[in-house]
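Quick mapping for you: the protein sequence lines, in order, are chains A and B.
So the first sequence is numbered by this note's numbering: it starts at 5 and just counts up by one.
So the second sequence is numbered by this note's numbering: it starts at 74 and just counts up by one.
If you are wondering where the hints come from, they were derived from the structure by calculation, not from laboratory data.
Some hints could be false.
[Unchecked claim] Far from chain A by the CB rule (all over 10 Å, computed), these chain B residues:
{"hint": "1", "residue": "Val85"}
{"hint": "2", "residue": "Ile86"}
{"hint": "3", "residue": "Thr88"}
{"hint": "4", "residue": "Gly89"}
{"hint": "5", "residue": "Met100"}
{"hint": "6", "residue": "Val125"}
{"hint": "7", "residue": "Thr128"}
{"hint": "8", "residue": "Glu136"}
{"hint": "9", "residue": "Ser140"}
{"hint": "10", "residue": "Thr144"}
{"hint": "11", "residue": "Glu152"}
{"hint": "12", "residue": "Ser153"}
{"hint": "13", "residue": "Arg155"}
{"hint": "14", "residue": "Pro156"}
{"hint": "15", "residue": "Thr187"}
[Claimed, not checked] Okay, derived cross-link-like pairs now, DSSO-like style, lysine-lysine, Cα gap no bigger than 30 Å in a straight line:
{"hint": "16", "chain 1": "A", "residue 1": "Lys71", "chain 2": "A", "residue 2": "Lys6"}
{"hint": "17", "chain 1": "A", "residue 1": "Lys114", "chain 2": "A", "residue 2": "Lys74"}
{"hint": "18", "chain 1": "B", "residue 1": "Lys130", "chain 2": "A", "residue 2": "Lys46"}
{"hint": "19", "chain 1": "A", "residue 1": "Lys6", "chain 2": "B", "residue 2": "Lys104"}
{"hint": "20", "chain 1": "B", "residue 1": "Lys130", "chain 2": "B", "residue 2": "Lys90"}
{"hint": "21", "chain 1": "A", "residue 1": "Lys46", "chain 2": "B", "residue 2": "Lys90"}
{"hint": "22", "chain 1": "A", "residue 1": "Lys6", "chain 2": "A", "residue 2": "Lys104"}
{"hint": "23", "chain 1": "A", "residue 1": "Lys6", "chain 2": "A", "residue 2": "Lys60"}
{"hint": "24", "chain 1": "A", "residue 1": "Lys6", "chain 2": "B", "residue 2": "Lys130"}
{"hint": "25", "chain 1": "B", "residue 1": "Lys104", "chain 2": "A", "residue 2": "Lys74"}
{"hint": "26", "chain 1": "B", "residue 1": "Lys104", "chain 2": "A", "residue 2": "Lys104"}
{"hint": "27", "chain 1": "B", "residue 1": "Lys104", "chain 2": "B", "residue 2": "Lys91"}
{"hint": "28", "chain 1": "A", "residue 1": "Lys74", "chain 2": "A", "residue 2": "Lys60"}
{"hint": "29", "chain 1": "A", "residue 1": "Lys74", "chain 2": "B", "residue 2": "Lys130"}
{"hint": "30", "chain 1": "B", "residue 1": "Lys91", "chain 2": "A", "residue 2": "Lys104"}
{"hint": "31", "chain 1": "A", "residue 1": "Lys46", "chain 2": "A", "residue 2": "Lys104"}
{"hint": "32", "chain 1": "A", "residue 1": "Lys104", "chain 2": "B", "residue 2": "Lys130"}
{"hint": "33", "chain 1": "A", "residue 1": "Lys114", "chain 2": "A", "residue 2": "Lys71"}
{"hint": "34", "chain 1": "A", "residue 1": "Lys71", "chain 2": "B", "residue 2": "Lys104"}
{"hint": "35", "chain 1": "A", "residue 1": "Lys71", "chain 2": "A", "residue 2": "Lys104"}
{"hint": "36", "chain 1": "B", "residue 1": "Lys104", "chain 2": "A", "residue 2": "Lys60"}
{"hint": "37", "chain 1": "A", "residue 1": "Lys46", "chain 2": "B", "residue 2": "Lys104"}
{"hint": "38", "chain 1": "A", "residue 1": "Lys60", "chain 2": "A", "residue 2": "Lys71"}
{"hint": "39", "chain 1": "B", "residue 1": "Lys104", "chain 2": "B", "residue 2": "Lys130"}
{"hint": "40", "chain 1": "A", "residue 1": "Lys46", "chain 2": "B", "residue 2": "Lys91"}
Since this is a predicted model, take the numbers as computed values, not measurements.
Where a beta carbon is used, it is the ideal one built from N, C-alpha and C, also for glycine.
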Amino acid sequence: QKEVEQDPGPLSVPEGAIVSLNCTYSNSAFQYFMWYRQYSRKGPELLMYTYSSGNKEDGRFTAQVDKSSKYISLFIRDSQPSDSATYLCAMSGLTGGGNKLTFGTGTQLKVEL
Amino acid sequence: EADIYQTPRYLVIGTGKKITLECSQTMGHDKMYWYQQDPGMELHLIHYSYGVNSTEKGDLSSESTVSRIRTEHFPLTLESARPSHTSQYLCASSEEGTRGFTDTQYFGPGTRLTVL
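The following block holds chain A by itself, in its conformation from the complex (with noise of 0.2 Å):
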């Protein structure tokens, strides 16, 4: 069993839709959490990061992490066709001293006009 698990998609929405991306995982030592955007034939940027629980708001995109449920959300309001993309969870148990990430599979997103 995989260590991260994530909806491959793809995933095909209107814009101006509110997209929910997810992302469960199994490892408790988990304590940071990010999202990264993958654009075709580019390296993945990083979104949003959150320590522990909890939720982070910056602009459109909303982050949340449920370590109960050990399952993190990534939202986006108001999508934008600029949105359309690979949307990969990566997971960390370290701090400082180096962390090696985690990622999911990566869920591809299509937002039409």
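With the hints as your guide, set chain B onto chain A.
Chain B in isolation, oriented as in the chain A frame:
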């Protein structure tokens, strides 16, 4: 904005050739990483380095080797390329986390390798 570069961006090469994938970063980061990414699969760490003259193998077994002679440079070498090496190779670097947050990894654009 991250300044991490990878060359070449695309490489098509025949079986048995020796290849080196280049990765450079201008941010002065001590830590650098190589990941392998295949369609529909998660990123797998194949090598990492915590500083000059420090290299370690990652979680995914790889026939490639790396070197870290300069802080900014982390090349990956395949002595004899095979079709099974066909993949996307991503380089990343990170700095020490602050205020209790873990390191933030910055990724290069990737090298798409095809071995015929």
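Status of each hint after checking the structure:
| no. | hint | verdict |
| --- | --- | --- |
| 1 | Val85 | 15 Å, holds |
| 2 | Ile86 | 19 Å, holds |
| 3 | Thr88 | 25 Å, holds |
| 4 | Gly89 | 27 Å, holds |
| 5 | Met100 | 14 Å, holds |
| 6 | Val125 | 15 Å, holds |
| 7 | Thr128 | 13 Å, holds |
| 8 | Glu136 | 20 Å, holds |
| 9 | Ser140 | 18 Å, holds |
| 10 | Thr144 | 15 Å, holds |
| 11 | Glu152 | 25 Å, holds |
| 12 | Ser153 | 27 Å, holds |
| 13 | Arg155 | 24 Å, holds |
| 14 | Pro156 | 21 Å, holds |
| 15 | Thr187 | 14 Å, holds |
| 16 | A:Lys71 to A:Lys6 | 17 Å, holds |
| 17 | A:Lys114 to A:Lys74 | 26 Å, holds |
| 18 | B:Lys130 to A:Lys46 | 24 Å, holds |
| 19 | A:Lys6 to B:Lys104 | 26 Å, holds |
| 20 | B:Lys130 to B:Lys90 | 22 Å, holds |
| 21 | A:Lys46 to B:Lys90 | 26 Å, holds |
| 22 | A:Lys6 to A:Lys104 | 16 Å, holds |
| 23 | A:Lys6 to A:Lys60 | 26 Å, holds |
| 24 | A:Lys6 to B:Lys130 | 20 Å, holds |
| 25 | B:Lys104 to A:Lys74 | 28 Å, holds |
| 26 | B:Lys104 to A:Lys104 | 11 Å, holds |
| 27 | B:Lys104 to B:Lys91 | 26 Å, holds |
| 28 | A:Lys74 to A:Lys60 | 17 Å, holds |
| 29 | A:Lys74 to B:Lys130 | 28 Å, holds |
| 30 | B:Lys91 to A:Lys104 | 28 Å, holds |
| 31 | A:Lys46 to A:Lys104 | 21 Å, holds |
| 32 | A:Lys104 to B:Lys130 | 12 Å, holds |
| 33 | A:Lys114 to A:Lys71 | 28 Å, holds |
| 34 | A:Lys71 to B:Lys104 | 28 Å, holds |
| 35 | A:Lys71 to A:Lys104 | 19 Å, holds |
| 36 | B:Lys104 to A:Lys60 | 27 Å, holds |
| 37 | A:Lys46 to B:Lys104 | 21 Å, holds |
| 38 | A:Lys60 to A:Lys71 | 14 Å, holds |
| 39 | B:Lys104 to B:Lys130 | 14 Å, holds |
| 40 | A:Lys46 to B:Lys91 | 25 Å, holds |
Comparing the model with each earlier hint shows no violations; every hint is respected.
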